[in-house]
Amino acid sequence: MNDKRTIGGTILKVENVSVVFGGVKAVSGIGFEVREGEICAIVGPNGAGKSSMLNVLNGIYCMEPGGSITFEGVKHYKIAPMQAAKLGIGRTFQNLALFKGMSVLDNIMTGRTLKMKSTFIEQMFYYGRPHREEMENRQKAEEIIEFLQIEGIRKTLVGKLPYGLQKRVELGRALAAEPKLLLLDEPMAGMNIEEKQDMSTFVLEVNRELGTTIVLIEHDMGVVMDISDHVVVLDYGRKIGDGTPAEVSVNQEVINAYLGVAHEG
Amino acid sequence: MNQEFIFFLQILVSGLLSGLMYSLVAIGFVLIYKASGVFNFAQGSMVLSAGLTFVGFLEMNLFEGATNFYICIGIAAVVMVVVGVVVERVALRHLVNTSLLTLFMATVGLSYIFEGMSQYVWGGEVHELPLERHTGIVDIPLNVPILEGFTVSQFDLFGAGIAGTLVLILALFFQKTRTGMFLRAVADNHMAAISVGIPLNRMWAIVWATAGIISLVAGIMWGARLGVQFTLSVVAMKAVPVFIVGGFTSITGAIVAGLIVGASENLGEIYITELTGTGGGVQNWAPYMVALIIILIRPSGLFGQKSIERI
Numbered sequence: 426m427n428d429k430r431t432i433g434g435t436i437l438k439v440e441n442v443s444v445v446f447g448g449v450k451a452v453s454g455i456g457f458e459v460r461e462g463e464i465c466a467i468v469g470p471n472g473a474g475k476s477s478m479l480n481v482l483n484g485i486y487c488m489e490p491g492g493s494i495t496f497e498g499v500k501h502y503k504i505a506p507m508q509a510a511k512l513g514i515g516r517t518f519q520n521l522a523l524f525k526g527m528s529v530l531d532n533i534m535t536g537r538t539l540k541m542k543s544t545f546i547e548q549m550f551y552y553g554r555p556h557r558e559e560m561e562n563r564q565k566a567e568e569i570i571e572f573l574q575i576e577g578i579r580k581t582l583v584g585k586l587p588y589g590l591q592k593r594v595e596l597g598r599a600l601a602a603e604p605k606l607l608l609l610d611e612p613m614a615g616m617n618i619e620e621k622q623d624m625s626t627f628v629l630e631v632n633r634e635l636g637t638t639i640v641l642i643e644h645d646m647g648v649v650m651d652i653s654d655h656v657v658v659l660d661y662g663r664k665i666g667d668g669t670p671a672e673v674s675v676n677q678e679v680i681n682a683y684l685g686v687a688h689e690g
Numbered sequence: 495m496n497q498e499f500i501f502f503l504q505i506l507v508s509g510l511l512s513g514l515m516y517s518l519v520a521i522g523f524v525l526i527y528k529a530s531g532v533f534n535f536a537q538g539s540m541v542l543s544a545g546l547t548f549v550g551f552l553e554m555n556l557f558e559g560a561t562n563f564y565i566c567i568g569i570a571a572v573v574m575v576v577v578g579v580v581v582e583r584v585a586l587r588h589l590v591n592t593s594l595l596t597l598f599m600a601t602v603g604l605s606y607i608f609e610g611m612s613q614y615v616w617g618g619e620v621h622e623l624p625l626e627r628h629t630g631i632v633d634i635p636l637n638v639p640i641l642e643g644f645t646v647s648q649f650d651l652f653g654a655g656i657a658g659t660l661v662l663i664l665a666l667f668f669q670k671t672r673t674g675m676f677l678r679a680v681a682d683n684h685m686a687a688i689s690v691g692i693p694l695n696r697m698w699a700i701v702w703a704t705a706g707i708i709s710l711v712a713g714i715m716w717g718a719r720l721g722v723q724f725t726l727s728v729v730a731m732k733a734v735p736v737f738i739v740g741g742f743t744s745i746t747g748a749i750v751a752g753l754i755v756g757a758s759e760n761l762g763e764i765y766i767t768e769l770t771g772t773g774g775g776v777q778n779w780a781p782y783m784v785a786l787i788i789i790l791i792r793p794s795g796l797f798g799q800k801s802i803e804r805i
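Just so you know, the protein sequences line up as chains A and B, in that order.
Here the first sequence stands for residues 426 to 690, numbered as in the numbering used here.
Here the second sequence stands for residues 495 to 805, numbered as in the numbering used here.
A couple of the hints might just be wrong.
Unchecked claim - In silico lysine-lysine, DSS-like type, Cα no more than 30 Å apart, as pairs:
1) Lys565/A x Lys525/A
2) Lys670/B x Lys585/A
3) Lys542/A x Lys670/B
4) Lys503/A x Lys540/A
5) Lys438/A x Lys540/A
6) Lys621/A x Lys605/A
7) Lys542/A x Lys565/A
8) Lys528/B x Lys621/A
9) Lys670/B x Lys525/A
10) Lys565/A x Lys511/A
11) Lys565/A x Lys585/A
12) Lys670/B x Lys511/A
13) Lys670/B x Lys621/A
14) Lys503/A x Lys450/A
15) Lys605/A x Lys542/A
16) Lys580/A x Lys540/A
17) Lys525/A x Lys580/A
18) Lys528/B x Lys525/A
19) Lys585/A x Lys525/A
20) Lys500/A x Lys542/A
21) Lys500/A x Lys540/A
22) Lys540/A x Lys528/B
23) Lys585/A x Lys528/B
24) Lys605/A x Lys503/A
25) Lys542/A x Lys580/A
26) Lys580/A x Lys670/B
27) Lys500/A x Lys438/A
28) Lys542/A x Lys528/B
29) Lys503/A x Lys542/A
30) Lys540/A x Lys605/A
31) Lys511/A x Lys528/B
32) Lys511/A x Lys540/A
33) Lys585/A x Lys500/A
34) Lys565/A x Lys528/B
35) Lys528/B x Lys580/A
36) Lys503/A x Lys438/A
37) Lys585/A x Lys621/A
Hint data in this document are derived by calculation from the structure and do not stem from the laboratory.
Just need the whole structure built from these sequences, with the hints factored in.
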């Protein structure tokens, strides 16, 4: 795989972000930076606030006042889901959020939502612009299907597919929007080694060939060390480590969080 | 031909046709259930509001003759679309991500608001709606030449035609347009729909507006039969078994179930009463009995989606 990307300046800057549910602070005062073109992994034990962090980034959760997210140089104090999609932030979910009653192709086509400009009235008559758009979007969807090697199931209902393939379709739908920043919430959870290898390859290819910046959450430390350029470690909603995989793996606080601390006395 | 058979045929066909009238109302239930997974308790009162609004404008006699009738359909349709958009804006938008029960309670509240408001504006008396005078569709039974003694109500045929057209339009809308696909997507998974940038609010407004227009069609057809009056909102309760039998999410299901329920209602009324020698009233419970039996055999209805959940 040839590495066409160039790691650029900061594309995403998270500053002092907190998320509170009732009295529980799921994320408290977290800040980190993601550079353009890199793969950034967010790791941490269960309940560390990783998914909450992603949910803030694509607007599903609201952050507490005082925090901010700077994306491509524009500072946001709150982001709505629709706005995140428009900014070019794509997303997959930990527990799969797919349209199970629709075919693989249709699922990927919905990813093109924001690329479609024709109005409802035009679509009714399906002449001119909608027709052209449909062709373009279909073309793009087919490219993604080919890229993810799921040509054989393009007409299959997603609900009938095995879990590993559903995860792949979900990635395809996020890619269809041609995101600048792609958030992947545990893309390899529940997969066997072979599926994990495939998925890692796809994630790397997306990053290397399309140049998409990726922020992912992953539990498999082997995978994280292999594919990421930058690791952010969370524990109990706080950031305890931030750096290259090599730096993070020797950080004492990170080791404590993962392996536990020997209590004295 | 055998007289008894013709009698049977007569009852069956008129049952089937009147069943399609229930389908008209049931389609409204299906639409909203598809988009938000909630049983819209306010469907009946929407039918009432639509009917009252239509008759209200009609009786103002703003235009001459038949034009008046069609223009008033247009006006009432616009009113129902506005109502749909307002419902989304005022109530539903604030209930995104709340439980289905909360949404359901909101529709219960809406039903009382619709009933109250429409009667407040248009009054509570019974309005006749003779289609014959406005459109020339007469309710004289048609004789079928080959079957002597067998007649079909012209009005029922007209109603069936309307129901068929409506289904065709909706099917094309859902399967062929981009908006239709977005609606299916929203119905399937809210979270995923949001993440790809489908405007959830606009989709809900479209669904409620469409349900409003369907209510108008149902309001006119049922109004022509029963008079536009408060009982229209009760007719919706008759459409509930149709909605259940059809499987909640299928428009085709609503049509097939309408036929089944209509036929069982009519056949039950004649033959069960005859068999048991009781005093009738079978048509009031027969549809629910059919719904019950079908749910026992197929819990998600005839055309419903079987849901598989990971436990």
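Next item on the list: For the pair supplied as a hint, lysine 542/A and lysine 528/B, confirm whether the alpha-carbon distance does not exceed 30 Å.
Entry: 25 Å, holds
Checklist line | 30 Å Cα cutoff - pair lysine 585/A, lysine 500/A | finding: Status violated; Cα separation ~42 Å.
Notebook entry, point to check: Do the alpha carbons of lysine 542/A and lysine 670/B lie within 30 Å of each other, as the hint requires?
Noted result: OK: lysine 542/A and lysine 670/B at ~17 Å, within 30 Å.
Next item on the list: Compare the distance between the alpha carbons of lysine 585/A and lysine 528/B with 30 Å, and conclude whether the hinted pair is satisfied.
Entry: Holds: lysine 585/A and lysine 528/B sit about 20 Å apart, inside 30 Å.
Next item on the list: Quickly compare the C-alpha distance for lysine 540/A and lysine 528/B to 30 Å and report which way the hint goes.
Entry: Roughly 25 Å separates the two Cα atoms, so the pair holds.
Next item on the list: Take a quick look at whether lysine 670/B and lysine 511/A sit within 30 Å of each other, Cα to Cα.
Entry: It holds: about 25 Å lies between the C-alpha atoms, which stays within 30 Å.
Next item on the list: Take the C-alpha atoms of lysine 670/B and lysine 585/A, compute the straight-line distance between them, and say whether it is at most 30 Å.
Entry: This hinted pair holds, its Cα atoms lying about 23 Å apart.
Check: Does lysine 438/A lie within 30 Å of lysine 503/A when you go C-alpha to C-alpha?
Finding: It holds: about 14 Å lies between the C-alpha atoms, which stays within 30 Å.
Checklist line | Distance restraint between lysine 565/A and lysine 585/A, which requires alpha-carbon spacing of 30 Å or less | finding: 24 Å, holds
Checklist line | Distance restraint between lysine 528/B and lysine 525/A, which requires alpha-carbon spacing of 30 Å or less | finding: Holds, because 14 Å separates the two Cα atoms, which is no more than 30 Å.
Margin query: Checking one constraint from the list: CA of lysine 670/B to CA of lysine 621/A, max 30 Å. Satisfied?
Written below: 37 Å, violated
Next item on the list: Below or equal to 30 Å on CA atoms is what counts here, so check lysine 500/A against lysine 438/A.
Entry: Distance of about 9 Å is within 30 Å: holds.
Going through the hint list in order, the structure does not satisfy hints 8, 13 and 33.
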